[in-house]
Amino acid sequence: MSDSSPLLEVTDLCTTFTTPTGPVAAVSGVSFTLNHDETLGIVGESGSGKTVLSRTVMGLQPRRNVVVTGSSRLNGVELVGASEAEKRRVWGLEVAMIFQDPMTSLNPVMRIGKQIDEILRVRRGLSRSAARDRAIELLELVGIPSPTQRYREYPGALSGGMRQRVVIAAALAGSPQLLMADEPTTGLDVTIQAQILNLLDDLRARLRMSVVLVTHDLGVVATRTSRLVVMYAGRVVEVGSTRDLFARHRMPYTRALLEGSPRLSNPAHTRLVTIPGRPPNLAQLPAGCSFAPRCAYATAQCHVERPELQPADGLGHYFACWNPLPTPTGVS
Amino acid sequence: MSSAFAVSELLESPAATPERKRRLGLLFWICVGWLSLNVLAAIFANVLPLDNPLQQNYSAINVGPSLHHLFGTDDLGRDIFSRVVFGSRVSIEVGLGAMAIGFGVGAPLGMLAAYRRGTLDTVLSLFMYVFLAFPAIIATIAVLSFWTPRSLFKIVIVVGVASVPLVFRVIRASTMNVATREFVVAAKVQGATDRRILVKELLPNVAPIGVSFLLIGVATVITLEGSLAFLGLSVSPPTPSWGNMINESRTILQTNPWLAIFPSAAMCLFLLCLNFIGDRLRSHFDVSDVKL
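Going down the list, the sequences are from chains A and B.
Numbering-wise (our numbering), the first sequence opens with residue 1294 and increments by one.
Numbering-wise (our numbering), the second sequence opens with residue 98 and increments by one.
Just chain B, same shape as in the assembly:
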């Protein structure tokens, strides 16, 4: 009786495995939900029933969380909840904008360098490594200090350019791993053009790594923006961003810890979700791993 049960279980397990592999899991969808909520709130912040993030209320300074002020208020009596929501705009815009520049430039160059090799590869790699030799944070601080007046647009450009060599390096390495396989030669002797090989044969192989690195890159860039804001080099006050809120909280940390906790928690959760989704997607789309 028990042995028959074991056998039937054995027989069923192979069929069940691929089904389970296709599922992304509850945690994944929770992360997607949280990110969507953040993005939607950032987009519709103006029409949501929020306090004006710049409105100062001197009768409610440094108050703790309450029904009226969900996250409390800062030292100028501004609503922290509203400032966190409006502040996410800066982070999301910098994250997506900078990565658009980073991938727009770095990914095609990385794929081309890995596929063509030779002089093109040598020159591009050399250039990128020289670029990488400067610590990104120092380089961005230097450029942003002199490129005034500061605006979100300039920050996106500077951070985006700084991310190009990183994207280049990751995409070049993963393309090279694929470009040396025989199916590329097979496509070539089928008469495929170089462009076709890059787009149809190599891109789908590199895309999963690209997508996961994109999400992790967005997270890294948001952190970088946070660091810049903390140093007072991001968007100028009073415009809120997660980074400059944390910066403002520095002096009043002992009297009002809420001002540091909420933007930090918002940023932390946002980055955690991005990283988790990136990692989950990479393993999900990796069909080459599927074994019978």
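Looking at chain A on its own, in the form it has when it is part of the complex:
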């Protein structure tokens, strides 16, 4: 496994849904790479195409009414347009997924242990007892107390945070190199959110995995990702290292997202800044920059011509804007 070739290489990925009212471009022209042992954050508002992107990257899309173009290569294996059998070889063993709602992502009538050791027995060919031992080990790894007893319980007996830990254990069972976490903490309490995120971070470091963390919450990605992809209306509007994007973002949308996050350093009762307007209708995107109608810096050009991604100062930092914010002086 050479570190020079990226683990995941997404090139010009487009996902278009065919609907009765016309095509809806949920993801258009998205490119990014993910290296081994790295955490990438995908951020954006609701409806910006984050979830569709993360599923398309895995090759997971509805059977019908969808057109996917472009390329998504995991360890050099193309997942876009691959047959179900080809994808099944990769799914679970090289890439695993954690879902938003732990209440629905576990089978309610299957014992917890069985949901974890299924993949070990079917895909890894472990014996019943070996799979059981490994599943209990995994439950312990994700911090579930008395795993031997929990192994035999049904998901209904666990709290949301515990269930999400089980979901993570199940995802780890196939020892994947890439973990896709689609809003893994949205369905959980704030106090549990931090625990789950720290657990993910810790596991990533220990198991030398790469993680794609999809979220709308910048607080979630701030300290846990090395790079960020900011999405708006199905397109990447800014990409770069997390440090660069927080300190020297150029795209007004990124700033708007940052200003919309609560900060502990703000005085009490500070009103959160909201982004005026609503995300655009993906079926009728404006000709120019999709963000222009909501942007305070928009000029005539923004409404007619779409900006392409262009390099900024930082390494691997790109943004798509005609009127970028100035780079703050004094920051090196």
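Since the hints were derived computationally from the structure, they do not count as laboratory data.
Beta carbons: idealized from backbone N, C-alpha and C, even for Gly.
Take these hints with a grain of salt, some might be off.
Which bits of chain A does chain B cover? Going by a derived footprint, with three or more residues having C-beta under 8 Å, they are [stated by the list, open to error]:
| id | segment |
| --- | --- |
| 1 | 1349-1356 |
| 2 | 1384-1391 |
| 3 | 1396-1405 |
Position chain B against the provided structure of chain A, taking the given hints into account.
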């Protein structure tokens, strides 16, 4: 003193609840017992000390219940008790046989249609709804009138085929309810094949509804057989069935009500037990309902 008592009671109640939930209840076991008794009697009717159900005794015509004839005799002097026991064979065979056909065909198709959706679902559903548009009783009467000579086997087939769309519809609906949940996608990205998802993930979720509908379906089919027998379209006399006994009683209802009462009561109790067990099992196996 009294408050301490209340607190201890509060503390104990959560532990007691799951225990109580696991119990099926006395009535359930009484129903199971009654059904088992019926089924065993039907199986071993030949070796039980019963009168020959076809034996006519002209010295005891239309007599009421007595020690010699527990349920009395009919207008040909045949023992009603023996005929009720032998008659249960027809009902049980039709009930189980027809539901075996109905579930054997309807359940896999329903699950497949709900999981795959698309063209397969559209075509299957359309076909089943066209089928359902014919009233089952009229359709079975029409087919059985022309498909002669009648036999139990043919009745089982016709009633079984008639039940396929009903089973399909129930199983498809309950599968669809489960198939759209995220754990199905989760299983898929764990690399599970479609067959594995259907059998391991979806089937256990659909099974409780399937089992309860199976029992209620058996009850419905027995009623249907009863209706057919009442119209003279079930097994030919003199073979007894609950339905044709009730039919025979029609003309002598005023002189000998026993001939109508006993087969009706046998059928009614049998169906009641089936429905009750089905309903009880459904709520019992519903582990997804368990809340802390």
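Verification of the supplied hints:
no. : hint      : result
1   : 1349-1356 : holds (count 3)
2   : 1384-1391 : holds (count 6)
3   : 1396-1405 : holds (count 7)
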